[in-house]
Amino acid sequence: MASKNRLDKIVSLSKARGFIFQSSEIYGGLSAVYDYGPLGVELKRKLNQAWWSAMTQKHENIVGLDAAILMHPTVWKASGHVDSFSDPMIDDKQSKMRYRADLLIEEHIAKLHQNGNDERAKQVQTLLDTSGTRKSVNEDLYDIIMEEQIKGPDSGAFDWTEVRQFNLMFKTQFGATASGEDSEVYIRPETAQGIFVNFVNALNTTRQQVPFGIAQIGKAFRNEVVARQFVFRMREFEQMEMQYFVKPGTDSEEYQRWKENRFNWHKNIGIRPSKLRFHDHPEDKLAHYAKEAVDVQYEFPIGWQEVEGIHNRTDFDLGAHQKFSGKKMEYFDPRTQERYIPYVVETSVGLDRTLLMVLCDAFREEEVPGDKEGSVETRTVLKMHPGLAPITAGIFPLIKKPELQDVARKIYEELAEDYKVLYDEKGSIGKRYRRLDEAGTPFCITVDFDGLEDQTVTIRDRDSMKQERIGFDNVGEVIRSRMKNWTPDDSEPDSR
RNA sequence: GCGGGUGUAACUCAACUGGUAGAGUGUCAGCCUUCCAAGCUGAAUGUUGCGGGUUCGAGUCCCGUCGCCCGCUCCA
Numbered sequence: 001m002a003s004k005n006r007l008d009k010i011v012s013l014s015k016a017r018g019f020i021f022q023s024s025e026i027y028g029g030l031s032a033v034y035d036y037g038p039l040g041v042e043l044k045r046k047l048n049q050a051w052w053s054a055m056t057q058k059h060e061n062i063v064g065l066d067a068a069i070l071m072h073p074t075v076w077k078a079s080g081h082v083d084s085f086s087d088p089m090i091d092d093k094q095s096k097m098r099y100r101a102d103l104l105i106e107e108h109i110a111k112l113h114q115n116g117n118d119e120r121a122k123q124v125q126t127l128l129d130t131s132g133t134r135k136s137v138n139e140d141l142y143d144i145i146m147e148e149q150i151k152g153p154d155s156g157a158f159d160w161t162e163v164r165q166f167n168l169m170f171k172t173q174f175g176a177t178a179s180g181e182d183s184e185v186y187i188r189p190e191t192a193q194g195i196f197v198n199f200v201n202a203l204n205t206t207r208q209q210v211p212f213g214i215a216q217i218g219k220a221f222r223n224e225v226v227a228r229q230f231v232f233r234m235r236e237f238e239q240m241e242m243q244y245f246v247k248p249g250t251d252s253e254e255y256q257r258w259k260e261n262r263f264n265w266h267k268n269i270g271i272r273p274s275k276l277r278f279h280d281h282p283e284d285k286l287a288h289y290a291k292e293a294v295d296v297q298y299e300f301p302i303g304w305q306e307v308e309g310i311h312n313r314t315d316f317d318l319g320a321h322q323k324f325s326g327k328k329m330e331y332f333d334p335r336t337q338e339r340y341i342p343y344v345v346e347t348s349v350g351l352d353r354t355l356l357m358v359l360c361d362a363f364r365e366e367e368v369p370g371d372k373e374g375s376v377e378t379r380t381v382l383k384m385h386p387g388l389a390p391i392t393a394g395i396f397p398l399i400k401k402p403e404l405q406d407v408a409r410k411i412y413e414e415l416a417e418d419y420k421v422l423y424d425e426k427g428s429i430g431k432r433y434r435r436l437d438e439a440g441t442p443f444c445i446t447v448d449f450d451g452l453e454d455q456t457v458t459i460r461d462r463d464s465m466k467q468e469r470i471g472f473d474n475v476g477e478v479i480r481s482r483m484k485n486w487t488p489d490d491s492e493p494d495s496r
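In the numbering used here, the protein residues as written are 1 to 496.
Bear in mind the hints are in silico, worked out from the structure with no lab data behind them.
Fair warning: there could be bad hints in the mix.
[Stated by the list, open to error] Calculated cross-link-like contacts (lysine-lysine; reagent style BS3-like; alpha-carbon spacing at most 30 Å):
1. Lys275 / Lys327
2. Lys9 / Lys291
3. Lys400 / Lys431
4. Lys410 / Lys420
5. Lys267 / Lys291
Working from the sequences, and respecting the hints, build out all of it.
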């Protein structure tokens, strides 16, 4: 309960300060679609940049790519998304629970086996395997459930809706006069396929040799059955993916290596290590393309949830594209004279989820001494990594006096060369500090009368609220070094 | 999508069994102000989510619809 309030507060703050708005709000909103406001877009760009430089700039064998969102429809047949990304669902009218129709039947088959009714089990299995050949898949599955009188696991009732297909991919029309099935295309549900279909292009143009990787940041779209929990699960979201092509046999070792590498990235952007963990996928729950899979999870207010997935995708994708396109997806190793389809280790992180993680990890409500003697008030502050903060520094004249304003303006203009900074002279100084605390701004530079004498200003630290007096000319340098040496404070408990 | 809950100013919430929509916070302007949401004065913002219905009269009752929250399935 307390933790639920925490997410609510973060949602409220996001809206109040301009991080995240609901899409099309004036029209009543669009479910599970969100817009990034003035502060949100700065934070998002900085995260995007942090990932891009960590992957492409700091690995000489990783190259970038920006593939189109629209792709040839066969891509999604080859990838398996057309088949496995649409689930036949059925609802129990009594218990109001929803099930996957095919899984219900499989459970039923298992039960038949248990009861020694192997003959019957085999028959049903055949019916299940051939569903879609008599009528539509949905109708065939429905018929099996009816004939076998499969009951609702939770209610024990036999009171079903029809079987309906939930296709997670968005479809759209290709061509202005589009008509018929041929012109239907999908809007990509993942960015990875854009990398796979460009594998040979990248190989031929970059002189890379296996092992090497292709990195890409881009939008993906999924019609989630249930899309909720703020920006955690959205219909339109942004992925930061890297596909690493390796020699078969070295895949597990590379998978381990990337697992560690990616975990460290999350720590490097300032997330408290105590809030991060791995979560291995059990073998029976692996996606259709994966041999090994692990999540990097963060402890959100809604519990431990996946932020990034690291998968050993084997040669599933390249193999499938070779088969469907008829084009060779092989790599020839000039040294060993070997020819093979590379295995792929994928790292795939949700940009929006990462942003939400940063907000959740940074959000604190602190008790600080109030204005009156002995009183206590709450300070809301986002203690995020200074390098990620939407606004790096606020520059204030202590009060509205021309001497102070002039100096503050000058410092503002100097800092604006390197950072996103804000000049503010309105209201009390305390109010200006607190407002920027909520924006996660790590530094505030204040020009006062004492400083005019000896060419100094005060720099106020967001996390500790402590001030230090530094010279006019040192401001940029102090910001730079503090940014570099910042570490998250993991000692204090979350405020609720 | 199904079931349950819910919707009043930018935010938090008030408005009796149906009778003129309000407060605090925030925002903006002015004054004051030498370091942590201070003080004083003033201002702006609502077809009560949207659309219908009942009624002399609807924020309040009824129906529909949309969004949000919780559960079911899936996933970055």
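Results of checking the hints against the structure:
1. Lys275 / Lys327: Cα-Cα ~45 Å, so violated.
2. Lys9 / Lys291: Violated - the C-alpha atoms of Lys291 and Lys9 are around 40 Å apart, more than 30 Å.
3. Lys400 / Lys431: Holds, because 14 Å separates the two Cα atoms, which is no more than 30 Å.
4. Lys410 / Lys420: holds (15 Å)
5. Lys267 / Lys291: Holds - the C-alpha atoms of Lys291 and Lys267 are around 26 Å apart, at most 30 Å.
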